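Student: So you can see what is in the structure, the chains are spelled out below.
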Amino acid sequence: MGAIRKPLDPPSREQTAFLERAIEQYGKATYNFAYRLTRNEADARDLTQDAFIRVYRAWRSFVPGTSFLSWIYRIVTNLYRDELRRKKGRFQEEIPEDNAPQEFGGERPLAVNPIDEYVEGQLSEPLSRSLGMLSPDQRQVVILADIEEYSYQEIAEIMGCSIGTVRSRLHRARALLRRLVQKQQSQAQ
Amino acid sequence: MQHPTTERLIDYIHAALAPQDDAAVHMHLDECSECRQEHAVQIRLSEMLRADAAAHERELPPMLKAQIWNAVRSLEPTAMDRVRAWLRPAYSVPVAAALIVAAFVAPGYLHHNASGAPSIDAAYYLQDHAAMNGATPFGDHSGSAAAQFEETSNVDQTVLHAVPVVGMARVSR
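Residue numbers (numbering that gives the first Met the number 0), protein chains in the order written: chain D, 0 to 188; chain R, 0 to 172.
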């Protein structure tokens with residue numbers, strides 16, 4: 000990293016207040032979205048930090064009256080895509096082809112504390128692991144459609160693709176999830 | 000109505016069907032237990048995903064907020080920041096004022112210095128005049144054209160070059 004210089008202009012009060020409010024209101028949601036995408040705490044932290052830096056830089060381009068969360072999710076999506084491209088070699092091993100379930104062995108997300116660990120184990124371990132086996136695009140579309148409950152149109156805008164692509168990714172992802180969960184449940188019995 | 004496909008049911012539970020298709024699937028589910036079962040499986044999958052997300056929900060790490068602010072404070076200015084800095088009133092107002100003044104002054108200045116009429120070098124007329132005198136034996140100036148040209152050439156050429164001489168040819172002849 001090069002020498003750090005001070006910005007030409009000190010940040011305006013509005014810009015600082017904008018970031019402060021954004022972190023306060025949407026920091027947790029953004030971090031959770033990043034965590035669900037990356038399934039890794041360190042990457043989620045980096046992604047969240049980079050996203051809020053973008054928010055700070057581009058605060059004037061946010062259109063008042065529109066959804067801030069959609070805006071920052073789009074930023075996170077783009078950053079995540081860039082990161083995947085940058086680390087292509089490393090991530091390629093983890094990304095299964097569409098409709099091609101891989102052998103189980105995905106990295107288990109870190110539990111915050113023993114209670115979380117217990118809940119993970121009791122409630123949704125097979126699904127959680129299966130979600131981790133989807134491709135990043137499939138995982139993202141499932142997160143946005145089923146967890147965040149966005150419409151196909153909104154997902155298309157966030158992911159920068161067509162509604163048809165959202166639809167087909169979601170269909171494939173759910174079919175794959177279903178098979179993976181069933182397989183894991185049958186193995187557990 | 001024939002049985003909706005699984006894909007159609009997925010679109011149905013995500014409210015992504017056109018109103019008439021949505022109504023048709025809705026009516027079909029009322030009548031068909033087989034499709035109701037598939038619909039229930041899809042609903043259950045969505046519920047499990049939400050439960051999984053809730054179980055894994057995390058708080059924003061306390062250090063992360065501080066890290067974001069530290070990163071923001073050490074940002075380098077982008078090209079856009081530099082442009083924006085030049086557009087600040089402290090710079091932009093004097094520059095705009097200078098441009099406005101220039102816009103008023105420049106046309107008058109250009110009008111005086113570039114009338115648009117074709118100009119001809121004054122030396123040409125002097126040479127032409129001398130040649131005419133030399134060629135007219137009974138003219139007022141009986142000296143040789145060459146001598147007269149020499150005489151007139153001693154006039155400060157820079158002054159002559161600067162004088163617009165449009166129309167002089169007719170007068171001198």
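Calculated directly from the structure, the hints in this document are not laboratory data.
Predicted, not measured: the structure shown is a model, and the values here were computed from it.
It is possible that some hints are incorrect.
To be verified - Just the calculated beta-carbon pair ranges, DEER-fashion: (1) R:A101 to D:K86: 18 to 24 Å; (2) D:T15 to R:H2: 54 to 60 Å; (3) R:R57 to D:Q186: 47 to 53 Å; (4) R:I99 to D:K27: 16 to 22 Å; (5) R:I99 to D:R59: 24 to 30 Å; (6) R:A14 to D:D81: 29 to 35 Å.
To be verified - In silico DSBU-like cross-links for lysine-lysine, where the CA-CA straight-line distance does not exceed 35 Å: (7) R:K64 to D:K87; (8) D:K27 to D:K87; (9) D:K86 to R:K64; (10) D:K27 to D:K182; (11) R:K64 to D:K182.
Each residue gets a CB set at the ideal place from its N, CA and C atoms; glycine is no exception.
Student: Evaluate each hint against the coordinates.
Tutor: Consistency of the hints with the structure:
{"no.": "1", "hint": "R:A101 to D:K86: 18 to 24 Å", "in the structure": "violated (54 Å)"}
{"no.": "2", "hint": "D:T15 to R:H2: 54 to 60 Å", "in the structure": "holds (58 Å)"}
{"no.": "3", "hint": "R:R57 to D:Q186: 47 to 53 Å", "in the structure": "violated (28 Å)"}
{"no.": "4", "hint": "R:I99 to D:K27: 16 to 22 Å", "in the structure": "violated (51 Å)"}
{"no.": "5", "hint": "R:I99 to D:R59: 24 to 30 Å", "in the structure": "holds (27 Å)"}
{"no.": "6", "hint": "R:A14 to D:D81: 29 to 35 Å", "in the structure": "holds (32 Å)"}
{"no.": "7", "hint": "R:K64 to D:K87", "in the structure": "holds (29 Å)"}
{"no.": "8", "hint": "D:K27 to D:K87", "in the structure": "holds (28 Å)"}
{"no.": "9", "hint": "D:K86 to R:K64", "in the structure": "holds (26 Å)"}
{"no.": "10", "hint": "D:K27 to D:K182", "in the structure": "holds (33 Å)"}
{"no.": "11", "hint": "R:K64 to D:K182", "in the structure": "violated (40 Å)"}
Checked against the numbered hints listed earlier, the structure breaks hints 1, 3, 4 and 11; every other hint is satisfied.
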